[in-house]
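Protein chains: 4
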Amino acid sequence: MPKKSSNGSAKKKTYAYLGPVGTFTELALAQVIEAKGQHWHPVSHVQEAIDLVVSKKAFRAIVPVENSIEGGVSATLDALAAADNIRIYGEYLVPITFDLVARAGTTLKTVQTVATHPVAYAQTRKWLAANLPKHQHLPATSTAQAAADLLKNDLAQAAVSASTITNHYKVKVLAKNIGDNKNAQTRFIQIGLAGELPKRTGSDKTSVIVELPSDRPGTLLEMLEQFAARGVNLSRIESRPIGDRLGRYRFNIDAEGHLDDEAVAEALKGLHRFSPKVLFLGSYARADKEKSVHRGNNSNVEFSSADAWLKKLQRGK
Amino acid sequence: MPKKSSNGSAKKKTYAYLGPVGTFTELALAQVIEAKGQHWHPVSHVQEAIDLVVSKKAFRAIVPVENSIEGGVSATLDALAAADNIRIYGEYLVPITFDLVARAGTTLKTVQTVATHPVAYAQTRKWLAANLPKHQHLPATSTAQAAADLLKNDLAQAAVSASTITNHYKVKVLAKNIGDNKNAQTRFIQIGLAGELPKRTGSDKTSVIVELPSDRPGTLLEMLEQFAARGVNLSRIESRPIGDRLGRYRFNIDAEGHLDDEAVAEALKGLHRFSPKVLFLGSYARADKEKSVHRGNNSNVEFSSADAWLKKLQRGK
Amino acid sequence: MPKKSSNGSAKKKTYAYLGPVGTFTELALAQVIEAKGQHWHPVSHVQEAIDLVVSKKAFRAIVPVENSIEGGVSATLDALAAADNIRIYGEYLVPITFDLVARAGTTLKTVQTVATHPVAYAQTRKWLAANLPKHQHLPATSTAQAAADLLKNDLAQAAVSASTITNHYKVKVLAKNIGDNKNAQTRFIQIGLAGELPKRTGSDKTSVIVELPSDRPGTLLEMLEQFAARGVNLSRIESRPIGDRLGRYRFNIDAEGHLDDEAVAEALKGLHRFSPKVLFLGSYARADKEKSVHRGNNSNVEFSSADAWLKKLQRGK
Amino acid sequence: MPKKSSNGSAKKKTYAYLGPVGTFTELALAQVIEAKGQHWHPVSHVQEAIDLVVSKKAFRAIVPVENSIEGGVSATLDALAAADNIRIYGEYLVPITFDLVARAGTTLKTVQTVATHPVAYAQTRKWLAANLPKHQHLPATSTAQAAADLLKNDLAQAAVSASTITNHYKVKVLAKNIGDNKNAQTRFIQIGLAGELPKRTGSDKTSVIVELPSDRPGTLLEMLEQFAARGVNLSRIESRPIGDRLGRYRFNIDAEGHLDDEAVAEALKGLHRFSPKVLFLGSYARADKEKSVHRGNNSNVEFSSADAWLKKLQRGK
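Residue numbers (the numbering used here), protein chains in the order written: chain A, 104 to 420; chain B, 104 to 420; chain C, 104 to 420; chain D, 104 to 420.
Any given hint might turn out to be false.
To be verified - Below, in silico cross-link-like pairs of lysine-lysine (DSBU-like), each with a Cα-Cα straight-line distance of 35 Å or less:
(1) B:115 x A:394
(2) A:114 x A:420
(3) A:160 x D:380
(4) B:229 x C:114
(5) B:212 x C:420
(6) D:420 x C:159
(7) C:237 x B:115
(8) A:394 x B:380
(9) B:414 x A:139
(10) B:255 x C:275
(11) D:273 x A:237
(12) C:114 x D:420
(13) C:414 x D:420
(14) D:139 x C:420
(15) B:380 x A:414
(16) A:394 x B:237
(17) A:414 x B:160
(18) D:279 x A:159
(19) D:392 x A:380
(20) B:420 x D:229
(21) B:394 x A:414
(22) A:420 x B:229
(23) D:380 x C:420
(24) D:237 x A:139
(25) C:302 x D:415
(26) D:160 x A:212
(27) A:414 x B:115
(28) A:160 x B:394
(29) B:414 x A:380
(30) D:160 x A:237
By construction, these hints were calculated from the structure, which means they are not laboratory data.
Could you put together the complete structure from these sequences and hints?
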């Protein structure tokens with residue numbers, strides 16, 4: 104629970120994030136301009152961050168949503184699907200670079216056990232196998248916690264952490280940039296309770312979660328045609344098991360454009376009729392600033408002209 | 104041009120139809136309840152009938168649109184595509200039965216030349232080949248004219264006409280029901296200038312003419328998806344060359360439902376954006392009275408609920 | 104029936120065509136290189152031409168198939184759908200130019216009745232309305248017959264015919280090039296009994312007639328996807344009522360490519376499984392010589408590589 | 104690396120699985136009939152299991168592929184995508200039931216720290232929050248390891264493990280069946296080097312990994328149409344980031360049917376032409392024994408009849 108200081112800072116807004124200090128999520132939070140000078144509250148689970156938002160103990164939560172090295176992707180997608188009144192207010196890209204860090208005095212040769220989050224471990228496995236072929240892995244709840252624990256106990260001799268970890272803990276770097284994929288990045292989102300939508304910028308994204316009707320084959324195709332018929336491109340589609348039984352999936356979809364783009368609005372209404380359950384997660388500015396264009400004459404101008412045409416027909420003109 | 108009588112019948116509304124009296128089109132006109140007691144005006148070309156409507160010399164025109172034996176189908180489709188301000192107000196089905204008729208005193212054995220419209224000739228060719236193997240065909244502008252001419256000159260000894268021709272001309276029947284297809288019927292439509300649409304009955308049809316974008320392959324599929332994405336079934340699709348050069352087609356489409364069905368309205372707006380040219384021809388009651396149902400939860404109730412949902416989202420709820 | 108000359112020319116092959124001499128169909132026949140010096144046999148109906156082929160009294164038939172001014176398009180499509188063992192061996196384009204012709208001594212002012220085929224009449228209606236506002240139309244079985252009849256009787260004073268009619272009959276030209284559409288052309292096909300297919304040229308067309316399953320909506324889309332899934336473009340699609348009752352259609356389709364293109368072969372096999380009835384009408388060289396390209400890596404080379412890949416998988420490699 | 108015993112058991116085949124003994128994966132391995140009496144070799148990572156197969160140190164590997172509570176799903180999908188010569192030979196369903204276990208003498212009240220794998224922790228979070236509101240979570244590499252460690256050190260007082268854990272370790276059960284979802288199950292697969300495919304049973308599944316062309320929008324729809332055009336249903340589709348940069352995905356697909364079903368074979372060949380990269384992962388019997396039926400007349404009998412038809416056409420018949 105966010106602590107409130109005694110000196111009036113209670114008026115600060117609380118931003119929950121996957122902590123502790125030194126995680127990649129904190130680097131994402133640092134990109135949120137409005138969060139500057141506000142209260143940053145580290146938590147240890149995506150679900151916990153979202154719970155704080157739902158219970159209004161935090162104003163917003165910053166959580167990873169794609170290709171995270173601190174886990175949380177499935178957790179985030181599932182938490183979004185379970186919540187009811189949650190919206191995404193922004194997205195942020197963080198480049199992922201790992202260092203191997205240790206207590207002062209440690210050398211690579213003396214490392215027997217390497218602590219880190221399992222996903223970070225998976226992403227540095229090649230380097231570790233080549234350079235520390237006999238090491239053991241000690242799972243940690245985050246890459247930052249792994250580094251912090253080095254200073255508390257000697258269960259491990261080294262940790263795999265974000266390169267920025269040295270800003271927070273007195274650890275030394277044994278090896279730099281040891282990730283298997285040098286271009287890795289993680290996408291984070293800012294989550295809050297439903298409220299006024301971010302304004303349309305022309306470079307927007309709209310996120311929904313859609314379930315498919317189960318009474319006939321071919322419904323995934325039908326669902327995608329709801330977007331295609333309005334010229335709306337998808338920038339991401341990811342299936343997740345619904346969880347009641349194997350073989351049923353929900354789809355997390357990021358579509359190009361804003362709810363104030365008529366093409367997107369009409370596609371969403373189509374989904375609402377088509378799908379047994381569709382969850383709107385928000386319209387927000389794209390981190391990559393690319394323009395959202397709707398194929399096939401589906402701009403707002405063309406929607407408005409089609410509307411005018413139809414109204415004329417209905418009046419018998 | 105419609106004649107006006109001197110006794111005040113000028114206030115009668117004029118219904119143009121493919122004549123002369125005794126054609127199948129006249130039988131269709133007899134089904135138009137509002138036309139009873141009005142002025143029935145026979146013409147000899149579909150284009151002429153439509154021209155009378157466009158120039159306001161006729162209130163409505165009755166013309167064949169599908170599977171006609173008096174021709175005029177292509178003519179009707181092309182005339183509809185060329186006009187601008189024309190609407191369909193109703194459709195009518197007429198069963199097609201042909202008789203071979205002749206002047207009094209004629210017997211089958213003495214028939215050498217058979218007069219009739221070329222399409223009627225095509226549809227009775229088997230019977231004629233079997234029963235009059237050596238006959239000649241004399242083309243006529245209509246089946247009724249062929250019968251009428253029997254009483255004026257002796258270019259032909261017999262005519263193929265509608266079974267009801269004996270109501271109009273003193274001809275005798277040499278053979279009954281000689282059509283190759285005993286279940287043949289023709290669909291006729293009532294055409295007028297754009298005006299108030301017929302009310303939605305729940306058993307309606309909406310007709311449009313659509314051209315395809317020519318800049319990429321696969322546009323016919325895309326066009327059909329505009330209907331499919333809103334659950335709108337097509338009861339007819341017919342391609343016609345646009346005529347400027349071979350290889351370009353426009354599509355005459357009858358969709359199930361009325362412009363006041365949201366599914367149809369949205370599909371039409373989609374077509375308006377998609378197509379370089381779309382012509383609305385009207386919404387009107389179906390002759391077969393079958394209900395128009397839109398697949399996949401696309402009733403007006405479901406459209407309205409999707410609208411309400413979206414408006415709530417836009418308000419940030 | 105083709106006449107056989109007494110001097111041994113019986114060995115000549117018979118080409119039936121829509122006559123008499125002087126029709127546009129004869130101009131198409133003149134494009135058929137192999138027909139030079141063979142026996143050209145004019146007939147008065149498409150069905151008659153096809154019947155001669157079926158009964159082996161003619162080797163081939165030349166008939167119009169699209170945008171004809173001598174009619175026969177519907178007749179051709181329906182005759183092809185009814186026949187069983189018929190193939191298309193080539194296609195030919197003929198530009199359509201109409202002249203108004205008359206007996207020597209006639210002037211435009213003295214023309215009261217104009218004879219011609221109804222479709223030619225429809226295509227010259229604007230000129231005739233402007234220049235002969237009070238004329239009557241006398242239907243003829245062909246444009247050439249209309250001209251021929253001028254020299255036999257005086258039922259008409261002028262005829263609308265092909266510009267080449269003066270090669271065949273002693274008529275004078277009253278007005279040249281009176282068609283409404285100056286770029287009009289008609290497509291003709293060469294029909295024969297099933298036999299060895301024309302060789303693949305790389306610029307080919309394959310024609311089929313397909314019926315749709317009637318047990319569910321959306322089957323037109325499904326049918327088109329059989330082509331789309333193999334990257335096969337359609338150069339023409341035309342619906343024709345099946346004729347047993349209104350509302351059922353068969354589709355005449357020209358697809359780009361040859362039966363020896365794997366993409367076409369696989370699409371046809373897909374149609375055979377999908378459709379209650381599919382009729383193969385032939386693979387033949389395109390009149391416009393444009394290359395037939397199959398989108399999306401569907402060339403024979405790519406088909407063959409996919410085949411090799413699959414066979415390897417099946418062997419457990 | 105699998106140990107070889109000195110007494111001749113070296114001839115036993117090695118089955119690698121996610122260990123240690125007592126994991127859910129071991130329960131899956133117990134379902135593999137051919138594995139009875141063979142050498143079972145526990146490993147600690149999916150990648151390690153697969154590496155053993157690739158290097159021929161293990162005959163087969165059993166790994167979780169869907170909804171696992173011991174993680175490994177993403178790891179499995181990514182490992183399959185990276186390998187080249189790997190096939191799936193079978194699938195197995197294991198119901199997931201969790202117990203809270205502890206050393207003898209422990210009571211619920213004395214539990215402060217709960218050890219378990221992070222995914223198992225996520226799936227029992229509700230029960231733990233309600234019954235141990237103040238507990239700490241200690242991450243473990245597996246649920247079985249968490250239980251094993253209870254007997255080695257006192258870092259935790261309790262572990263969340265599979266209900267069968269008591270067969271392997273002397274722990275007592277503090278609470279039974281504490282999972283949030285009482286119907287949870289995990290799907291496991293048997294992996295080996297490419298070799299003879301399992302025989303077609305009529306209840307089969309075929310797995311592939313497909314990348315999409317990146318040069319145009321709408322390719323996901325196009326890809327799905329490769330299956331739809333042959334009537335092949337998908338039982339699962341799951342997107343995974345390709346990993347070179349955000350925004351590019353590969354799709355893990357399970358299709359109904361066997362490579363020896365012509366519908367599946369043709370769909371796969373279509374994918375091979377369409378996709379820049381398609382990986383075949385195998386055809387194998389479905390765990391749920393449901394029949395694989397291909398919609399729209401796409402059985403082998405109908406494929407064979409279409410083949411025969413086409414061959415006849417090619418011979419000019």
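Index of numbered hints that the structure contradicts, given in increasing order: 1, 2, 3, 5, 16, 22 and 28
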